[in-house]
Amino acid sequence: MDPNAAPTQGNPLREGILNRTVPDSCTVVIFGATGDLTHRKLIPALYNIAADGELPPNLAVVGFARRPKSDDEFRGELVEAARKHSRQTVDDEVWAGFARSVFYHQSEFEDADGYRRLGERLEEIEKERGTGGNRLFYLAAAPGQFEPILKNLASAGLNQSREKGWARVIVEKPFGTDLASARELNRIVRDAFPEQATYRIDHFLGKETAQNILVLRFANAIFEPLWDTRYIDHVQITAAETLGVEGRAGYYEGAGALRDMVQNHLLQLLCLVGMEPPTDLGADSIRDEKVKIVRSLRRFPPEEVALKVVRGQYAEGAISGKPVPGYRAEKNVKPDSTTETFVALRLSIDNWRWADVPIYMRVGKRLPKSGTEISVHFKEAPAVLFNKSQMLDQNVLVIRIQPDEGIALRMQAKVPGTSFRIEPVKMDFHYGTSFGKASPEAYERLLLDAMSGDATLFARRDEVEQAWDFIDKIEEAWAAGESPPELFEYPAGSWGPDAADELLARDGRTWRRF
Amino acid sequence: MPLMAGSPITRMSEAETFAAGMPVEIGNIERELKKLWDQGGGVMTRASLINLAVYSEEAGSLTANTQIVSRITEDHACRALVIAADPSAADENVQAWISAHCHISRAGVKQVCSEQLSFSLTGSFAKLLPNIVFSHLDSDLPFYLWWQGNFHDPMDPQLWTWVDRLIFDSQGWEDFDAQMRLVESAQEEAKQRVVLCDLNWTRLVQLRLALAQFFDHRATQEQLAEIERVEIAFAAGHRSTAVLLAGWLGAQLGWASGDAGNKTTFPFSDCAGDPITVALQETKGEAISRCSIFCGASEFRVARPTGGRLLETSVQFEGKERMHQLLPAGNNDPVSLMSEELMRGGSHRVYLRAVQAVRDLL
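Chains B and Y supply the protein sequences, listed in that same order.
First residue of the first sequence? That's 1 in this note's numbering, and the numbers climb one at a time after it.
First residue of the second sequence? That's 1001 in this note's numbering, and the numbers climb one at a time after it.
Hints may be right or wrong, so weigh each one.
Said to hold, decoys possible - Covered, in the sense of this in silico footprint (three residues per stretch, anywhere, with C-beta under 8 Å from a C-beta of chain Y), are these stretches of chain B:
1. 10–17
2. 45–53
3. 92–105
4. 167–176
As the list claims (entries may be wrong) - Where chain B lies over chain Y, by a calculated footprint (3+ residues, C-beta under 8 Å):
5. 1202–1213
6. 1320–1331
Hints were generated in silico from the structure; no laboratory data involved.
Glycine included, C-beta positions come from ideal geometry on N, C-alpha and C.
My request is simple: use the sequences and hints to build the entire structure.
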């Protein structure tokens, strides 16, 4: 039996019960247990899964961090975090049961002895709670700590499956900063865990609407026949934020919008929109199709980068009427920083389906509103009947990823009256309106998937490396010594530099009004 | 609170005489509905995923069901058709009302509204549901009919040609077999695959889920073949719920019914022919307050304390400490049961199998 396989599906009492199978009992070890991610996302997610009755009864959670504290102190901090960040109100009775499964282990990440002691602690906990030796290691620490953590886990033998059990690792983004560092990180991870036990988390893939892209495309017969170069004019993907760097300058200065958002989140969304139908819903079947899209992305030669990619940095301006400083005036940002906070790209996918269909992407901070959406713009109807004398709008299918998740279709309709006036109308589906039940948070879904051995919504090594290969070509051109492409300024609260509009204007197109 | 046609959105009509809404002529329902939505002026979002008809012959059901529908629409946007029928009334009468149930959406901005059409049918009009009521279904949306109370013999086969899912609660049936035969024959006559949704079965969802999760993994799955005894504690009036639970275990685990036992103990045998006893015990408390499955020295137990919001599950393996977990219990009120049923969908084949396994005992 593959210890990394999902729990057996042969339970006859499960038939007809639509809830997912409860994952294997396991111990989740969180590295970086006192950090923001643990408090804001991981613990609230685990609590919500527990409250929904989807956690195995003897699950254990071990927080690993540097600061000394007792189990009870750790639990006390976590309940406050859960109260603040959980999507469900924290029920004291449920929390009390969950908290009994939470433990704290103090150690430096580089201290080999700390891992030996962790191993002893895990064996005690496993014996006491009967978790069967299954272990899920979550790297929620700073990326610079991944290497010592993984090396020490391997040295202490904690990366090895216990008898009949499994050991898996969840790696948080960023998966490197370029292709070379991603390969190096993958090598370090691979030295400790096999690929099938490695779960690279991209929380965008855990979002309900991202998962719904496959359902929209492949469970509805009306879209797929139109989903190619014959009927689609172009695709736009926008991820806009009103926020600035918000205390993340230390990380963001070295990353920028291209590495922070495009390399992972936006390319993952593009894969879901562009991929061929998979042979089945298995993790590798889906990821095989996704990686073909990244591989088919046309790489930019250096001289084309300035034509196809626009980078910008926000200057001072106003958000919702309130003045905000420019990026270079933010705390911990160099006054001469050339880090981009905005990027717009014109991409081409060189395959049969998407030949000659430009994909426009833009992502930015300090834009007028926040949200992520994909819009598929269909070709215009032939200019033979109604649009002989009147320019008709394109049909546009909009997939709203966040917030106000939903799908809208813009189409043409006759305005009531004796004249023949045609105007665009919108058919709009809102998740929040149609389904009263709140969706689980992305981390809830992804944690459960990792515990269950389902890697479908996690990035595979080749996807990550192909994405970096694409991004590196742009970064290299930007870093070119003598005449790198311009870094445009844009006022905070605007939709980015004018050059981003010109990118589409050259093709006779405009950005969709967001 | 329902929004009335002809009244401002923010306040109830002073002329209101009936909580189900604004009286309308049957022939003008669609026109009056349009007026109702026009009042919204863009601040209301009309939402509908299903047609949900609620049929009752109980006095006062229109008001009670309007309140239930109002709460159901918080989570399940629908076009609701609430029908109060009195087929035995001497007078022949049809009345209709329209209203809307509005709730603030999760995003907290828009009012999301579901419309309700209410009908009072007396005398022979009560038999004209397809003609009077079902002509107001929202086309293209699935039709769920929640039938409260007993079915009548003969059933109108025309009724079933409209219905996608028939919802009922067998807990209140005095003669389960006769009622089930009525439903089955109507279903057959209509030559349509109507999904039968028994709220008595829905009542068991969380309990079945809690029992099922014990056996998700290979190590415990092996114990399913070693079950020797099952104990189910139920409250007065919920014997049929307990029997359905026993039927589910028997059907899913391939047990054969043994000789008829008594009212509280049913003998089964497993695939190997080994005997299994299912013992029912009436106690005070929740509909099902405990189900214990014994496999040799191991016990898998799900209990619900009286008034408790959570199921207490525990596993006791021989020589090991008992392991506990709390799981959601769900609620036993009509709104919660309907919400659960509407959320789950599915074909309910397992239900039909469970019924067949214990039909003689129900």
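- Item | Residues of the region 1202–1213 of chain Y with Cβ under 8 Å from chain B, three needed, outcome | holds (count 8)
- Query: Okay, the region 10–17 of chain B and chain Y, do three or more residues pass the C-beta test at under 8 Å?
  - Reply: holds (count 8)
- Message: Is the listed coverage of the region 1320–1331 of chain Y by chain B valid when you require three or more residues with a beta carbon under 8 Å from a beta carbon of that chain?
- Response: holds (count 7)
- Item | Check of the region 167–176 of chain B against chain Y for coverage (Cβ-Cβ below 8 Å, three residues minimum) | violated (count 0)
- Message: Cut-off 8 Å, C-beta pairs, minimum 3 residues; does the coverage of the region 92–105 of chain B by chain Y stand?
- Response: Result for this restraint: holds, n = 3.
- Item | Within 8 Å of chain Y (C-beta), three or more residues of the region 45–53 of chain B | holds (count 3)
Going down the numbered hints, you'll see the structure goes against just number 4.
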